[in-house]
Amino acid sequence: MAETKILKPIREAGFAGYGAYIPQYRLPAKEVARVWTDGKGSLPINEKAVAGLDEDVITMSIEAARNALARAALDPTEIRAVWVGSESHPYAVKPTSTVVAEAIGATPHTQAADWEFACKAGTEAIQAAIGFVGSGMANYALAIGMDTAQGRPGDALEYTAGAGGAAFIIGPAEDAVCVIEGSYSYATDTPDFWRRANETYPEHGERFTGEPAYFSHIQTAAEFLMEATETTASDYRFAVFHQPNTKFPVRIAKSLGFEQEQIEAGLLVPDIGNTYAGSAMVGLTSILDVAEPGDRILMVSYGSGAGSDAFSLRATDLLPERREAAPGTLSYVKRRTEIDYATYARFRGKLVLK
Amino acid sequence: MNRLASMETSQHWRLRQQRYALVGEVCPHCTTKIFPPRDICPDCGEDARDLYQFSGRGEVYSHTTVYQAPSGHSSNAPYPVAIVRLEEGPLVTAQLTDIGDQPVEIGTQVEMVTRKLGADGERGMLVYGYKFRPILAER
Amino acid sequence: MMPVGEHWDLSLRHLALDAISAARADSGGLRPQALYVANVLAPALSGQSHLGALLADFTGLRGVEASTIEASGASGGVAVRQAYLALTSGALDVAIVLGVEKITDKASGQVQAALATSTDSEYEAVHGVTPSTQAALLMQRYLYEHGAPKDSMAGFSMTAHQNAVTNPNAMFRKAIRHEQYARAPIISEPLNTFDVAPLGDGAAALVLARAAALPNRHDYPQVVIAGSAVSTSALAVHDRPNPLHLTAASQSAEAAMLQASLSLEDIGLFELHDSFSIFAALSLEAAGFAAPGHGWKLAQNGDISLAGKIPISTFGGSKARGDPGAATGIYQLAEATLQLQGRANENQVPNAAIAMTQCLGGSGATASTHILRRPN
Numbered sequence: 001m002a003e004t005k006i007l008k009p010i011r012e013a014g015f016a017g018y019g020a021y022i023p024q025y026r027l028p029a030k031e032v033a034r035v036w037t038d039g040k041g042s043l044p045i046n047e048k049a050v051a052g053l054d055e056d057v058i059t060m061s062i063e064a065a066r067n068a069l070a071r072a073a074l075d076p077t078e079i080r081a082v083w084v085g086s087e088s089h090p091y092a093v094k095p096t097s098t099v100v101a102e103a104i105g106a107t108p109h110t111q112a113a114d115w116e117f118a119c120k121a122g123t124e125a126i127q128a129a130i131g132f133v134g135s136g137m138a139n140y141a142l143a144i145g146m147d148t149a150q151g152r153p154g155d156a157l158e159y160t161a162g163a164g165g166a167a168f169i170i171g172p173a174e175d176a177v178c179v180i181e182g183s184y185s186y187a188t189d190t191p192d193f194w195r196r197a198n199e200t201y202p203e204h205g206e207r208f209t210g211e212p213a214y215f216s217h218i219q220t221a222a223e224f225l226m227e228a229t230e231t232t233a234s235d236y237r238f239a240v241f242h243q244p245n246t247k248f249p250v251r252i253a254k255s256l257g258f259e260q261e262q263i264e265a266g267l268l269v270p271d272i273g274n275t276y277a278g279s280a281m282v283g284l285t286s287i288l289d290v291a292e293p294g295d296r297i298l299m300v301s302y303g304s305g306a307g308s309d310a311f312s313l314r315a316t317d318l319l320p321e322r323r324e325a326a327p328g329t330l331s332y333v334k335r336r337t338e339i340d341y342a343t344y345a346r347f348r349g350k351l352v353l354k
Numbered sequence: 355m356n357r358l359a360s361m362e363t364s365q366h367w368r369l370r371q372q373r374y375a376l377v378g379e380v381c382p383h384c385t386t387k388i389f390p391p392r393d394i395c396p397d398c399g400e401d402a403r404d405l406y407q408f409s410g411r412g413e414v415y416s417h418t419t420v421y422q423a424p425s426g427h428s429s430n431a432p433y434p435v436a437i438v439r440l441e442e443g444p445l446v447t448a449q450l451t452d453i454g455d456q457p458v459e460i461g462t463q464v465e466m467v468t469r470k471l472g473a474d475g476e477r478g479m480l481v482y483g484y485k486f487r488p489i490l491a492e493r
Numbered sequence: 494m495m496p497v498g499e500h501w502d503l504s505l506r507h508l509a510l511d512a513i514s515a516a517r518a519d520s521g522g523l524r525p526q527a528l529y530v531a532n533v534l535a536p537a538l539s540g541q542s543h544l545g546a547l548l549a550d551f552t553g554l555r556g557v558e559a560s561t562i563e564a565s566g567a568s569g570g571v572a573v574r575q576a577y578l579a580l581t582s583g584a585l586d587v588a589i590v591l592g593v594e595k596i597t598d599k600a601s602g603q604v605q606a607a608l609a610t611s612t613d614s615e616y617e618a619v620h621g622v623t624p625s626t627q628a629a630l631l632m633q634r635y636l637y638e639h640g641a642p643k644d645s646m647a648g649f650s651m652t653a654h655q656n657a658v659t660n661p662n663a664m665f666r667k668a669i670r671h672e673q674y675a676r677a678p679i680i681s682e683p684l685n686t687f688d689v690a691p692l693g694d695g696a697a698a699l700v701l702a703r704a705a706a707l708p709n710r711h712d713y714p715q716v717v718i719a720g721s722a723v724s725t726s727a728l729a730v731h732d733r734p735n736p737l738h739l740t741a742a743s744q745s746a747e748a749a750m751l752q753a754s755l756s757l758e759d760i761g762l763f764e765l766h767d768s769f770s771i772f773a774a775l776s777l778e779a780a781g782f783a784a785p786g787h788g789w790k791l792a793q794n795g796d797i798s799l800a801g802k803i804p805i806s807t808f809g810g811s812k813a814r815g816d817p818g819a820a821t822g823i824y825q826l827a828e829a830t831l832q833l834q835g836r837a838n839e840n841q842v843p844n845a846a847i848a849m850t851q852c853l854g855g856s857g858a859t860a861s862t863h864i865l866r867r868p869n
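Residue numbers (the numbering used here), protein chains in the order written: chain H, 1 to 354; chain Z, 355 to 493; chain U, 494 to 869.
Just so you know, the hints here were simulated from the structure itself, not pulled from any lab data.
For glycine and all other residues, C-beta sits at the position ideal for the given N, C-alpha and C.
Simulated pairs of lysine to aspartate or glutamate, EDC-like, Cα-Cα distance not exceeding 20 Å:
| id | chain 1 | residue 1 | chain 2 | residue 2 |
| --- | --- | --- | --- | --- |
| 1 | H | K94 | Z | E476 |
| 2 | H | K94 | Z | D474 |
| 3 | H | K94 | Z | E362 |
| 4 | H | K350 | H | E199 |
| 5 | U | K599 | U | E499 |
Here chain Z is said to cover these stretches of chain U; the calculated rule only asks that three of the stretch's residues, wherever they fall, bring their Cβ under 8 Å from a Cβ of chain Z:
| id | stretch |
| --- | --- |
| 6 | 601-609 |
| 7 | 629-636 |
| 8 | 680-693 |
| 9 | 727-733 |
Turn these sequences into a full structure, and let the hints guide you.
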């Protein structure tokens, strides 16, 4: 049954290069608590990454894409699609992707589009890129998941809504640092989180975001993929899941039979927060920074509304050398300038100026 | 009136390659690298229109901080500005970014990043272009 | 010359009228055939262009040839150069050159943005650069390259303020001490408030005439333009091979001296463009009064004071008299004229016979140098 629902291209595809970007500012969760709860209550993460005044999904995507290009050692004019998944595109209408494509030198012989599916917009773009490359329509396609996530002041999301993401260049398997063995996508209409048009901040269903939404979708998607690929948790050296907070990915990993050490390398949420469309993808870059040839990796994203994309990946012999060509994800995580709530409010446009 | 000094949409569009990616020119006669592009080689005076992709690396030639920003830049103030000596030779004026707690000095090694230079008000276009930051510690 | 400052009750045209009326009265009532207006900021700050017709009409000169000359801070000198060319060509007998700026009708952010248009708008202003930023970048590099102390520019500011005490047209008539300079708030590192000339409303006018057109009797010796020159360099500071060498200033000074058959030793005073203190040092070096890196030292030992070797900013300069933007060059020439006519009162440079004036536009992208001589 499962094998008929798995997504496998005619031509095997993989990641020719990958790159991360995380801005340098950090807002500790205890600083949010100081302002809103008198410092009481438990904290969902340590701190989150915050974009600077001159950063947005466009600028962050450009840097991640440049890192991916450096690793792929690819002439940017070889790229036939530049796809950016995000829920914080700087323009409501006007593509993020055309600016990114122009900046990295991929224009004009390229497809360009923006993707939106809450926190899985980036992995959706990866799946589409697999189709693009796997069908033979193109040799290389760039898929990016990047966000400068929004959270209403004082809301639970404000502790975690972070900034960052990753770019992947999908290409033929023989030129890949990591091949994609198969993927699977699972979607239902589950309204756990949304942002209406023209609204600044999202709304969420509080505890409804848990069982029927995050856990059910990731669990189902992961199980389907593992069944179809005839794998179990122990076949994977690493796993990475969407990371809205520290608790959720740890719990879903356990429920799927993964040990803590399998998810440790990709678990960045305690130190950078929930980077929404970038979350699982930037976690994957951190894994690729340490994985060895032959290692298998499971990635499952989750996007509210709701759906999950699951990927079974295998690192190749090209990985160790290629990854040296760009800064490692941890060098971005460690690059850290702490800010207070007032500075955060200024950076994120939360100061009322009129 | 929160506008950039030069806010014409077509003016920014025309400059997109040089602004986003430091695409300048190289003189086919004397190989001088030219940024900003000016079509005539400043060294030998010959026609120079061949595009050249600069590496983006350089060092700080001089620097300061702007506290009294012109209208259009006030929401970003205070901001550091530098003249950077690109490794290919030319000087270029740009803002520095992501300084953090690191001291900036003449000679500090920097690399180009593409950042938001400003916005044409609440409703107008966003303007992106080159800035420089201290070279990111690798790995 | 109108006092430079905040003229809340005077508009652009009234400033112009007062300056032109005073200059014409001083000339013995000469009627000009042309009006050259030096102005930069009226289009941005007063919403007004086409100043030639406007001001010719308003100042009682309806009908004369009139136009605006714009070369940023060098506009005044360039306008005088245009009038000088017209007179020496024989096309005109009498011309008025007016420098006028109305600054205070707009808020500081708008003024900074208007000033920034004198930088390269696509490669400097778009990055938030203003003339202050350019000056700060040059001063930072100067201090580094020449190992000059942080307070090396203090002497320029102190000299200017000292000279302005006795200038009734000055914006700041108060001497400052070194401690005040050292404690001054930072504008844009390493520039502090005493390195920056304060912008103010201002207007000044000169009546220029061919010798043959002068009245037979006049109250003061008539000063002769012995040299007149304008040179340019790259607009953007980064486009200059050595940003610390103001080549336009060097070239125009050299050309003016060559025309006047004079050398540096003949110059009795030098009204230079001290809109920022660093430009005083760079201008002294560019003209040859000091070797590169040594200009600031002239401000340490009294060389630039009224009784010194090469007096500068004799009425306070832009720093203390006030910075009237495009009118700077006209103020400089008017002040140098007073010196050569022996009308400078307490600001008199002893035995002044030859004066050099130089105004800079856009951090030295344009430089205009004039040499004035007292007739024998």
